[in-house]
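**Student:** What follows is each chain in one-letter form.
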Amino acid sequence: MSEFGGMEDLLQDFLTESSELLSEVDNKLVELEKRPNDKNLLNDIFRGFHTIKGGAGFLNVEAMVSLCHRTENLFDKLRNGELTLSLENMDVIMAATGEVREMFGALSQKRQPPPAPAHILAALDLVLQGEIAALAPVAAPAAPVAAPVAAPATAAPAGGSEPDWQNLYDNLLDKAPTPVPAVAAEPAPVPAAPAVIEGEARAVMVEPMQSLKPAPAPKTQPQGGMQQVAAPETTIRIDTVRLDQVLNLSGEIGLTKNRLTTLRSDIMAGKMDTGTLKALDEAISQLDLLVGDLQNAVMKTRMQPIGRLFQKYPRLARDLARQLGKDVELVLTGEETELDKTMLEDLNDPLVHLVRNAVDHGVETIEERIAAGKSAKAVVELSATQVGDHILIEITDDGRGMRPDVIRKKAIEKGLIDVETANSLDEKQSLQLIFLPGFSTKDQISSISGRGVGMDVVKTNIMKLNGRIDINSAVGEGSRFSISLPLTLAILPVLVVRVCDQPFAVPLAMVREIIPIDAKQVQEVSGRATIVVRDEILPVKSLAGLLGWQETQVPHFGVLMQTAEHSFILAVDSFVGRDDVVIKPLQNIRPNGVAGATLSGDGSVVLVLDMESLLASSTADASSLKTSRFITHAA
Amino acid sequence: MADSNMRFLVVDDFSTMRRIVRNLLKELGFSNVEEAEDGQVALHKLKNGNYEFVVTDWNMPNMTGIELLRAIRADAQLKHLPVLMVTAEAKKENIIEAATAGASGYVVKPFTAATLDEKLKKIFANMNK
Chain G
244 MSEFGGMEDL LQDFLTESSE LLSEVDNKLV ELEKRPNDKN LLNDIFRGFH TIKGGAGFLN
304 VEAMVSLCHR TENLFDKLRN GELTLSLENM DVIMAATGEV REMFGALSQK RQPPPAPAHI
364 LAALDLVLQG EIAALAPVAA PAAPVAAPVA APATAAPAGG SEPDWQNLYD NLLDKAPTPV
424 PAVAAEPAPV PAAPAVIEGE ARAVMVEPMQ SLKPAPAPKT QPQGGMQQVA APETTIRIDT
484 VRLDQVLNLS GEIGLTKNRL TTLRSDIMAG KMDTGTLKAL DEAISQLDLL VGDLQNAVMK
544 TRMQPIGRLF QKYPRLARDL ARQLGKDVEL VLTGEETELD KTMLEDLNDP LVHLVRNAVD
604 HGVETIEERI AAGKSAKAVV ELSATQVGDH ILIEITDDGR GMRPDVIRKK AIEKGLIDVE
664 TANSLDEKQS LQLIFLPGFS TKDQISSISG RGVGMDVVKT NIMKLNGRID INSAVGEGSR
724 FSISLPLTLA ILPVLVVRVC DQPFAVPLAM VREIIPIDAK QVQEVSGRAT IVVRDEILPV
784 KSLAGLLGWQ ETQVPHFGVL MQTAEHSFIL AVDSFVGRDD VVIKPLQNIR PNGVAGATLS
844 GDGSVVLVLD MESLLASSTA DASSLKTSRF ITHAA
Chain V
12 MADSNMRFLV VDDFSTMRRI VRNLLKELGF SNVEEAEDGQ VALHKLKNGN YEFVVTDWNM
72 PNMTGIELLR AIRADAQLKH LPVLMVTAEA KKENIIEAAT AGASGYVVKP FTAATLDEKL
132 KKIFANMNK
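If you read the sequences in order, they're chains G and V. Per the working numbering, residue 244 is the first one in the first sequence, and the count goes up by one each step. Per the working numbering, residue 12 is the first one in the second sequence, and the count goes up by one each step.
Chain V extracted, bound-state conformation (with noise of 0.2 Å):
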């Protein structure tokens, strides 16, 4: 089962939203969460800090989330940073440029804790395999 100190990084341009995801991670035991708000700063936090997971918004300006995981996969450093890709879409061709790109997860928008928090143990489950 994951460290409930596991040092997440929620990455979201709308700050609502940002406080929605950090309030459902708490619910599922996660309280160590630090929020970025695109996908730069995002990258530049990663860098310089331990992270352990990502949960990110596709459609943000100046960086969207898929560059971002783009970025996660081409770091030698981050590169094994388990990414969850929280998207309002639903379609075949995000879901497909998303798991080309390396997500380790996809959840829609909007979800419930326990949703989250199958998608996390379906991650997880994968990490320790």
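Next up, chain G with everything else stripped away, as it sits in the complex (with noise of 0.2 Å):
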């Protein structure tokens, strides 16, 4: 049931484009926490509530409208230096912005929201009076009684009450005054309705003065509802000319294609002249450019800005260090880098973590730092940058770091790992344990970064979308987690090698290089086989072995490979090439260390291997090659 009719459609519109104004405009309230007086800050807050309101006045959202209406005039007054700003009353503004969100989540089910609680349109117009305003929980039981009152009272001004514009005109033009003071007595029951609310919330409030410490409980809705937008978004906007492009090239296509029947027709009937196959070879040549521009093409129609979902976070930095009693700036960089949409949207879990973590447990406490003799201010920054075909999201904290071995010791207190285990790890995977399902650094959750979700999540969700994810940390300097991501899942570069007659795709981003392996530089380094690469004993793994298969034969070719973790090669029997290929998932069964399958040139399916999977789920004796095979082959 909809309460959009033919409406549908806008209503999209309107979610999608006010949320981005939304995020924007909370984002100039952080900064505007910086710099109160700022004339361009409070115009551009003034006009994204100016613009919210508009629209949801066509799409008759009441109690947006009516909440949207007060946020406005409170910044029109800011803005023509009729009132000033307090900060106590960022808390009362900050929480409008929350409640104007949840109202986006029940459209976006096609819902009617409900009027905003009475008790923040009270606030806001005890604000608008000039007035420091509390969210006290206390204003609560109030709502049944101002809620009605504070609906009807706004709604007027901004629908029904409507000047005699040609006759007022008219009269500018001919200078004769008298409809004018009708003009003004419309707009005039606007200031009266807030001083009726006002009277209610005085009545509720019990110290209206004590507002440096925000209740928690309309704090933690804002939070809620900002999940509640970012999950169900079905529609994508889409640059013109990038639209454009596909069209051309599905055409430029099209003509390919007819230019290969013409030549199948002449094949079919025999003419095979030189000419004829030399046409034959130039139209595949051009779809293969084609297809590759077209597939790139389509690609970047699902290319977004991850500032969509950065814009997100300072809000959430700030609120959260104002709850812990912190002084937190998260700053943002490389806000255009781009990135496919689905990636955004699973991105947004793991992000929200991290910035959390960043602040709950990366930074100090302000007399903590000032006693570090850091400045009491902690900066968080978050950054993306495209680095090759990759795409590096990283989240650095100038906090206290991480200490390797408290992590270690954490791990094995929580059985997590064994002690003899825990010594032979070096500082860098000491770091890696706290991804461990089941590893918290504190003793007691907390129940800000805790939320059920782990560090072990964080990294899961990462590695689901091909990616990883390392940490570098000093200790009383900071921390960073820097997550690598392919631009697109889309197509993949793999290298297709052949094991055992049978193809396998491993992703081409995880090979460095491809060597011929030669019996006499193998090595036995205790027990295993190895390597020297340029200096580096690399340990080399069959990839039959890894498979938990019979060799066939002994494997001509190593693969030289790099994992987050570690560099190795992989030993297999020949190779087919590289190939740009789409990955499908396996229905039903999910073999381990494969991600998928796809279809070779020639029509026959080749698996896609998933290196990690398939590394950790293999125990090392099984896969390293006995160095005792190679040297047979020599001798």
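One thing to keep in mind: the hints can contain errors.
Mimicking BS3-like on lysine-lysine, the simulated pairs with C-alpha atoms at most 25 Å apart in a straight line are [claimed, not checked]:
1. G:Lys-521 - G:Lys-584
2. G:Lys-320 - V:Lys-102
3. V:Lys-103 - G:Lys-320
4. V:Lys-90 - G:Lys-282
5. V:Lys-133 - V:Lys-90
If you are wondering where the hints come from, they were derived from the structure by calculation, not from laboratory data.
If you follow the hints, you should be able to join the two separate chains into one complex; please do so.
**Tutor:** Given below as structure tokens:
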């Protein structure tokens, strides 16, 4: 059941556009806390609320019109200098944007949102009167009383009253002043309305001055709202230039197809002279280029700037920091970096977690920072850059850093690893322990970063996106989480290798180089085959062994591969070549170490290997090539 | 009566709003509608195209609706263009400002196709005087 019959399309547009707008407003509000008198910021925020109100009016979303009308008025007064912003009132304004977001959530489910909680409206009205308002939860019981008063009061100026424009205009031109007062009288009820609400609010508020410590209840609401909105987004906005490119290329492909159809008729009719074959060759080469271009163009239509994700976080960091009594600034860079839309959505949860983690666990309290000789304000930087065919996202904090020994100790205490394993880990490997399921460095799970999601989920989510996550940390200086992601999941460049007479595809991103395996170079180090490549001792792992198969021949080639943790040489029988493939997930079955399947040029099925899980699932002994095998061969 | 082929330029920074106005105009039989996202873009388009009617929002970045209106009235080529101002405010001072700047009409958001029709008809009637 929809309450927006015939307007669903418009509603969708409105939600997409206004959600972005609201995120901008949220960010500007965070900025405003630093520069409360910045006219441009005040103007932009005013316009944001104004625009949302305008759209909501057409969609008859009374609750939103009523709420935005207040915030808009407030910022109108602020930008005109009629009011000055006291920082205490920021919480009220922030709660209001959180409420607007909640309403977006309701609208996205095609429901009319209920009016904003009366205590928020009342607090806003107080702020409008130039007073300091508190979002005291005590105000909540007033809801049934105040809400009905609020809604009709503000609905009036936005909707019904309208001056007799023509009359006024004519009169102005004729210099006859009479009708002007008539117009002036119409908007008059506006200021009258808040007075009523204000009376209500004052009556229920116990201590309006205790505003520095915001009540937790309204605080958490906006966060819930954010996630609600982030989840369902079924439309995408595409630059028309990109769309035209797709259209253009598909047209070109159509033309090439026509050419091929003609050539096929010729060949079927027995016309096989060199001219025809050369034309066929040309047409196919052209098709090859065009399809590649089309794939790129289609991929580009799905690319969205990561800023759309990033812009939600400064507010998140700010709210969390205030709750924890910390002073944290979230600095964003590289927002224009583009990423596939689906990945962008799946990246939200891990990034939210990492940002929260940095604010909660990463940076110290103000007192601790000052004691350590650092600036009181902590800086968390969230950056995105494109490095080759990868996107690098980094979350860096200037906090206390992570201590490998503490992490090792915790992991042992929680029974995640044994002492022996712990002792064999170097510093970097120790940091990786935080990604183990069940690991949490705090004895008591904080209600803030906890939320039942651990770092292990962050890592799993990143790995689902074919990405990897690394940690760098220096005690006392801070930590950096680096996430590396492919540009898209749609097309994967692979290297196709053969083993036991069957082709397998491995992601090209992990391949560093290909070397011939010469038995003379194979050395045994503690019972395992290794090859020294440019002074680096690398273990040799047989693909057949990893798959649990018997080798049918001695591997001739080694693929030097690099995963997040280590490098190794994958021994294979031969190569087919490199290819750009589209991975199809396997239905119902999920064999270990297989990411999916694809079709090769000759129409046969090729399994695409998931090296990380393949390595994890097989024991070192099964896959490490026994040196003896090479030695026998050489002899 | 106005020509249904009359060329409109709808100016608003909010694309949803442009779409709403475009839909309403279509309901009234005007389908020759172009869009611009702020006053600057609009002015550029107006100078390079044969537009016959401007519907503009007031509050926009870069160049507001009222600035656009003044620029239109100051341009020898464009000054005769009918300009309908769209705003969310029914404030007296805004209306006076629009009128003195030479707006042909003023409509308050949200409005229906009927309201828009009425406003347009008044403007057309004035134009034919």
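**Student:** Compare the structure with each hint and give your call.
**Tutor:** Hint-by-hint comparison with the structure:
no. : hint                  : result
1   : G:Lys-521 - G:Lys-584 : violated (41 Å)
2   : G:Lys-320 - V:Lys-102 : holds (14 Å)
3   : V:Lys-103 - G:Lys-320 : holds (17 Å)
4   : V:Lys-90 - G:Lys-282  : violated (32 Å)
5   : V:Lys-133 - V:Lys-90  : holds (19 Å)
In the structure shown, a violation is registered for the earlier hints numbered 1, 4, in ascending order.
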